[in-house]
Amino acid sequence: MKIIHSDVLVIGGGLAGQRAAIAARRRGHEVIVLSLVPAKRSHSASAQGGMQAALANVIKGHGDNEDVHFADTVRGSDWGADQEVVRMFVHTAPKAVREMAAWGVPWSRVQAGDRQVVINGERVTITERESAQGLIAQRDFGGTKKWRTCHVSDGTGHALLYSVSDRVIAENIPVHERCEALSLIHADGQCHGAIVRNLISGELCAYLATATLIATGGAGRLYRVSTNAVINEGMGHALALDSGVACLGNMEAVQFHPTGIFPAGILVTEGSRGDGGLLRDAQGHRFMPDYEPEKRELASRDVVSRRMEQHIQAGHGATSRFGEHLWLDITLLGRQHIEHNLREVKEICAYFLGIDPAESWIPVRPAQHYTMGGVRTDARGAARGLSGLFAAGEAACWDLHGFNRLGGNSLAETVVAGMLVGEAIADFCDAAQPREQLPVGLARDCLRRENNKLAALMEGDGNENASALRSAMQQTMTRHVGIFRHGESLQRAVDELSGLIRRSRQIRVRSQAPGNNPELITAYRLQRMLRLAQCVAYGALLRSESRGAHYRADFPRRDDAHWLKRTLSRWPDREATLPQVEYEALDIGAMELPPGWRGYGQKNHIEHPDSARRETEIANLRQRLQGPALQDALLAFKQQLPPRYRGPNQRIDEDAS
Amino acid sequence: MTAVRELHFEILRCNPHDPADRPHVQQYQLPEADGMTLFIALNELRETQDPSLQFDFVCRAGICGSCAMLINGQPRLACRTLTSGLPDQITLAPLPGFELIGDLSVNTGKWMRGLSENLRAWLHADNLDPDLDALEARMEPQIAEAIYELDRCIECGCCIAACGRAQTNERFVGAVGLNKIGRFRLDPRDSRSDAAFLDLIGTEDGIFGCMSLLGCHDYCPKDLPLMTQLAFLRRKMLAQALQAE
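In order, the protein sequence lines correspond to chains G and Y. Note that the first sequence covers residues 1 to 657 in my numbering. Note that the second sequence covers residues 1001 to 1245 in my numbering.
Read the hints as simulated data drawn from the structure, not as lab findings. Note that the structure is predicted; figures quoted are calculated from it, not measured. Where is the CB? At the ideal position from N, CA and C, for every residue including glycine. Take these hints with a grain of salt, some might be off.
Claimed, not checked - The following residues of chain G were derived to be distant from chain Y, with all beta-carbon distances above 10 Å: (1) Ser163; (2) Glu177; (3) Leu208; (4) Ala282; (5) Ala318; (6) Ala455; (7) Ala553; (8) Trp597; (9) Ala619; (10) Gly627.
To be verified - Calculated Cβ distances over 10 Å to all of chain G for the following chain Y residues: (11) Ala1003; (12) Pro1023; (13) Ile1071; (14) Gln1074; (15) Thr1091; (16) Asp1194; (17) Ala1239.
As the list claims (entries may be wrong) - Simulated coverage check for chain Y against chain G, where a stretch passes if three residues somewhere in it have a Cβ under 8 Å from a Cβ of chain G: (18) 1052-1066; (19) 1104-1110.
Chain Y extracted, bound-state conformation (with noise of 0.2 Å):
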């Protein structure tokens, strides 16, 4: 049996709906559990040294995306970190890049969302409103899976906190807003032509503004495979503008 081992935790804290506040480092101490997560540690901080402490969680498996922060300096998702894998001092901040709600807490589906309206990243087909009673239209299974493969971005910021891109250009559309034009322009249900997607993503602020230092696949939880997403839709948007030209 081994001794209990203190975690002592260093909290990045900020209410901005409190005028007196100030960004402030706040530490903790919390004896370890068998099999503690994050998601764990943070409830009984809250629950029992600080009901104040702002964070998210929402699935608390790993398949939702709200609760990426900072841990010792990097992006990841609190809830299925384990404090096992952790040393004994622990630094958490706020991911960065998105407008801060309080303490741990950032509003990444605001930026979402505008992402998606700007990207106009959803399905463009011709038929939405096919014959509902007729058999499906066909698709063969690996397209499918490679669909599939892009569709499980969890838009929980990760990419855009490990992008040195993204952090000196706000309006970067970062990995997640490639990965979906990536992933629209592979499903042969979406009717848009690579002229239209250089449109959307053809500048500095989309693909051409990626430096190409990866810190999105790097980081990505989801393993997405970011790095030949990214190289292949450069490629693909550059042959687009040379032939426009």
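Next comes chain G alone, as it looks inside the complex (with noise of 0.2 Å):
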């Protein structure tokens, strides 16, 4: 058996893996980072947009800051996100672009002067302050009171990824690519590393860690349609449920991005009705100023994916020979503004759709985009039920976006995370009692049980064929478990899912090639996926209830007086075919923001007692405080940072006190 031993084991290669690596290796331990697939490949490259951070420096950012952040963000997660998370995230964000900045990312800069840009379908002159000359531009996003994303053309997630790869790469951290982890290494509540298997040889190894981190991204290929990249099939999601100890945080919350190009659902970013985009249907006609006359195309995600359909539903939808869909229309923006601030766009609209979108407009509708559910953890990214094993970014449930997340807060939250789980880690390891021994017998059982799996699945004599099933489960989570959610259909997707996951049992690869055996890879993944569709579709039934993504037509209204908490969902028994789910309540008392209107969307939720009264303390303490000491009566969070990070930021409206 070959073992490789690290202080910290990080599984996933996008940015969170990437930054929280580099966080530990600069504290002095040793790294090992292990990825599906080269780590400059991975699916951070694609997000487009950009990253939120409250730096203020545009005119239309003028006034910004992380209170407003934070409201836009508590207020997008429709209630689910937990706020001193919220806080440690919008203090951390702008330093994170900064750092960035330093690392080399060439944001796009503020010119100052006078520029053209489109607001609410209307072309207007603002004009940049010479203050903020050659500081780092934001653009308007979804669900934002201001322009808070920053950006670097659309190219985003691809020039943070490889500022963060190269400085990997620069401090000599291994990356194991094309490694994949099957399991945990783990035993009485302690998590020592993982079983890895190799995707070019197909032989698995043990790497033992003091700590393990899973940044593993989404699993949006649960779905049929998703704007996801063919990797992102939460894999580490499901090392974390397969342990039986960890557990996940509110799996049914995911959430539908309203431009997938149609049919493909290649993401199309939110920059472009951040930019000044369009939303309209067969007739042409901009339809949704009459449904958010607030927010309009720039309500949160969840809402305008929502009114999409519902749009499409009421007949609107213009017809292709794929279906149903409506338009984006960027035309409007112009030739300049598309080839230098929407480029990949453009140049996906070129070659899947053979359209130039300065001149036409762009087939959409909205696709799966983001799993809000993950790994759960505490604040500082430590998994709840197993010590040694953290988690970060999209696949984890520190709980940052509750039931919706905002555009631009998952590309910020990537390497926010890395940061502070990052210290996190180290911080762990640096307590970590020195091992007299290693669990080299424990290793040694594990990696066996992963060997007999596999065998069964070459050997035994079931009849089942893995692709099959796998897209059974995805005609069924898009069919049963999307935008519109109902009870019927839902206890009818459970049903087909606790089917499949039988008949999963009896799964026969064909092929017996040696090396990495793509058809083995489709069938030992699809077993662990379909319990985490699983966990989405029952954890999607019980909740009797519509909050952000997650909409029950029979139960239309936020149910703040009884469904004010968190899903999670444990698997400790592998013959079973749904997972034990208890809840966790959020403490209203705690908030500094309770729960009310959005400011966007419907206007119906139910209140839980605990709101008002809330409220009365937070007006007492507003009266009597101010400054820091007025935070950290509503919500001392900064404690929970490194020490190094609690610094305010700077604004340059601002002075720095």
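Starting from the two chains in their separate frames, assemble the complex, guided by the hints.
Quick look at the structure:
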């Protein structure tokens, strides 16, 4: 048995994983990063639009600060987020953007003077300040009160991923590419690393580590139509779930992005609407102001996606040979703007649709985009249920996003979480007792178990085909666990998935070719994906309310009185076809922003009795206190941050006090 | 309604992990569908005809650079190649110049990491740990955009496959490497001088190995301005070399 040791094992080579790796390395720990693909090909590269951080450099960001970003994020989450985590995040995001600037990201910059922009369909002239010349620019995004999204044209994720990957190379951190963690090595509530399969040779080996980080991104491929890369199959989520002791939070919270190219589901950035693009129906009518007079095309993604589907259901969709869709119109932005600020959009339209978006409308329809649910951790990224296990980024639920993530908050989260959780991991390793004996026997047992599972797939006497089951799962999820959900169809989804889980135990891999064996990969991943899909469907069935992206046609109101709580799913019994579900209440008494109306979307939620009480408490505090003392009384968060990240963020219009 | 076209695929296959296997061409037939890309076609072949077929896709949107291969002899990104633009006969082969993993899958990641290490292709800034509370250092918007123009490289390997020099000298850093140097050279945050860059690329394996065949420029899927970049870099490096004489 081959064993590889390190202090820290990072599973996932995207932005969160690599930034965390750098943090731990700089604190003197030995780090190995595992990545399914070359690290620079991670799905982080596909994030186009930008990274939210309250820098307030552009004139339309004037007056922005952490408080505004905080409120936007909590409202966006439909009060599902952990407000302490949101505070930590909005405070660190400006530092993350500035650090990335120092590491080489070519952020788009402010040009002082007049410029023409499109706002609400009108061409207007705005004037950028001389004092902002050459500082990092922000664009508008959905669900935000200020222009806050820092960007590199529309290739922000690519530019960030390359700068961070280059730092990983510069700091000599090994990235074991084309390696896949199959299971965690754990015993007695302690995680010791993972069993890993080499995706070139097919060989298994054990990676032993003091701390293990899951930073594997989302699980979009549970659905048939997703903007996600094909590698986003939730395998990190599955590592935690399959441990039987760690748990997943809010898996029913799935985001659908309004503008997936129809029908392929390839993403067109929210930046196209942020920069002034409009949504139109079959008649060319701009319909969003009819539904959402406050934020129009720039309401939060859950709201815009729902309105689009509603509009299609009302018979206003354009038809094509693939089905119905709507139009995204960015022609009004002009060729100059598109060729400089929306280059990826232009390229995608040219290659996949054969159109020029400066002249033609883009066919779009909402597509699965983001997994708000993830490995449940505390505010420092430590997983619940397994000491030594951490999670960060889309794979985690420290709970920044609640039931709906704002555009631009995920890219920001990857870097911020990498910074913060990386420090927490370093602290954990510093405090760890030097080991007298490595758990080699345990590793050997785990490796044997994984080998047996693979052998069962290769040599079993079943007759099921993994690809066929996978298509059936994706069909079920897209049909029954999509944007509009209903108890009856969710029950059907749960039943179908239970059936698929049972059938997946009879998978037989036909190809016996040595090496990575793509059919075997599909088979073992599908078994894991089905359990995740069931967590999504079952959680959605149980949650009898509508919150954020989780919309129940049979329970259309947000119900704070009964459902202000987080879903936790565990899967301790391998023979089961359902997860064990429990709930974790959110404490209104600890909230800085008690539940209310979001400022867009439905205005009909069911109040929790504590909300009004907390409002009164907060009003009193605001009268008595101000500044840092007020913040500490409302929601103290700085003690959770590493000391180096506690300072106030300077902005051009504010004193650095 | 036109008749559905039958596509004839010829795929160059080899599994280096199977000692009995030798490189061979395998034929497949597949009915074309509306909007079909090679991403869709290859996945359909694997799901319905041959589960052992190896290839790499990640983003399937032309962004990540995973799926470069020879398509009817030309290096291109398979994910954004529509079959409607190809003849009935489609020949696919792995990208030349890289270690073969199996069939159409090659190890560009390993090659690119080696390149970055050799060329020290990361930002060499004086201060990587600035005061993160303070305003960021300013940069002219045009400079930022010019850096991004070169930063758009996705390390797909098309320029290496299309390069006569890279195919005859495996140490040649190719347009991907030279473009990286051009990118950091342009960046005011990078503290290195032309003398330092000359040390890295002032050889036959670097800028002076380029024969100006410009296959890189013709086949770059991101339309990077490689022709002007390489010419510019050669002039600057030559000037530096002459000055040092």
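Hints and how they fare:
no. : hint      : in the structure
1   : Ser163    : violated, 7 Å
2   : Glu177    : violated, 5 Å
3   : Leu208    : holds, 24 Å
4   : Ala282    : holds, 20 Å
5   : Ala318    : holds, 16 Å
6   : Ala455    : holds, 18 Å
7   : Ala553    : holds, 31 Å
8   : Trp597    : holds, 34 Å
9   : Ala619    : holds, 31 Å
10  : Gly627    : holds, 17 Å
11  : Ala1003   : holds, 16 Å
12  : Pro1023   : holds, 15 Å
13  : Ile1071   : holds, 13 Å
14  : Gln1074   : holds, 15 Å
15  : Thr1091   : holds, 21 Å
16  : Asp1194   : holds, 19 Å
17  : Ala1239   : holds, 25 Å
18  : 1052-1066 : holds (count 14)
19  : 1104-1110 : holds (count 4)
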